[in-house]
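Asks: Letter by letter, the chains look like this.
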Amino acid sequence: MPDRGSHLGDAISALLDGELDVVDEAAVRDHLAGCDSCAAELRATQAVRAALRALPVVAPVSDLAARARRRARRERPLVWAAAAATVVALVVLAGGGQDDRSAPPVARLVEAHATADVRADPVTHLVPPALIPVSLELEP
Amino acid sequence: MADEDEHPVPDWEEVARTYGRFLYNVAYRLTGNEADASDLVQEVLLRVRRGLITYRPGSMEAWLSRIATNAFLDEVRRRRRRPVEPLLDDHEHVLPGGEAADVEYEARVLGEDLQAALSRLPDEFRAAVVLADVAGMSYADVATALDVPPGTVRSRIHRGRALLRLELSRA
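If you read the sequences in order, they're chains E and R.
Every position in the first sequence, counted from 1, becomes a number in this note's numbering once 10 is added.
Every position in the second sequence, counted from 1, becomes a number in this note's numbering once 720 is added.
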């Protein structure tokens, strides 16, 4: 609160914003009743405040969520590349198998690769992003 | 960042869907243009996605506005687009009242002029005014968002409005 006798200053905004307690509000209103300068500042501040609050809501021109999803995917290229390399390697392995008995070991390999920290793998890590399957880039 | 009451940070896609428009509007009023507003929204969603932000259940708008303001001020400081201006938070420097007594601003002039005037405010003052008058936050929430005492918030909001009056009277 400003001292008795001085002008209201930022108590004017606090009054308009409903941020004064009962005692301070009474004192501010009391001052306003006898002070043309503060009453004028109150009206001017009220006008600006009302104008700010009447500003139209600006709508985004693009799809913010879609852009964020694309960005989220771009930030995981090593993980995707490693996963893609794993899939490619397994397909090659599976295709190279001569009989059905190769299936159980491949399944175990898949599981081992799926649970391994792919980023720690010095080979898969080097797979260029160009190998990332297009289907991984589709919007959900 | 462990908080004493650990609450999971809300899902960022849900945030984008439900609060995207609100967030963009606040970002636009802070930055003053579409490209920067859009980048700021992305930065906020990124911070939410990384989940490194303290979250306490409460007003989602206030929480997001806080993240947006911090990201905005971080970016401003990084770019140093403006010379550092001393912030005059004390009462002595508040503009004298009365010269624009019965101003009634007309909506048609206002949108652009007011945004232009907002963009010319010192960043910390603009942040306080936008959080209060665009995001509709209480002084206590603005104080938390800006990490300054409530008295400073009150002073910045009032001085920000006074500077806007001055800018609009020049327009």
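To be clear, the hints were calculated from the coordinates, so they are not data collected in a lab.
All C-beta atoms in this analysis are idealised placements derived from N, C-alpha and C, irrespective of residue type, glycine included.
Check each hint, because a few of them may be wrong.
Covered by chain E, according to a simulated footprint, are these stretches of chain R (three or more residues, beta-carbon under 8 Å) [claimed, not checked]:
no., stretch
1, 752-764
2, 780-786
3, 789-800
4, 873-881
Asks: A separate judgement is required for each hint: does it hold in the structure or not?
Replies: Okay, the hints, checked on the actual structure:
Residues of the stretch 752-764 of chain R with a Cβ under 8 Å from some Cβ of chain E number 5, which satisfies the need for three, so the listed coverage holds. Only residues whose beta carbon comes within less than 8 Å of a beta carbon in chain E count, and the stretch 780-786 of chain R has 0; fewer than three means the coverage is violated. A count of 0 residues in the stretch 789-800 of chain R with a Cβ less than 8 Å from any Cβ of chain E is obtained; the coverage claim is therefore unmet, three being the minimum. Note: the stretch 873-881 of chain R has 6 residues with beta-carbon separation from chain E under 8 Å; the three-residue rule is met and the coverage holds.
Checked against the numbered hints listed earlier, the structure breaks hints 2 and 3; every other hint is satisfied.
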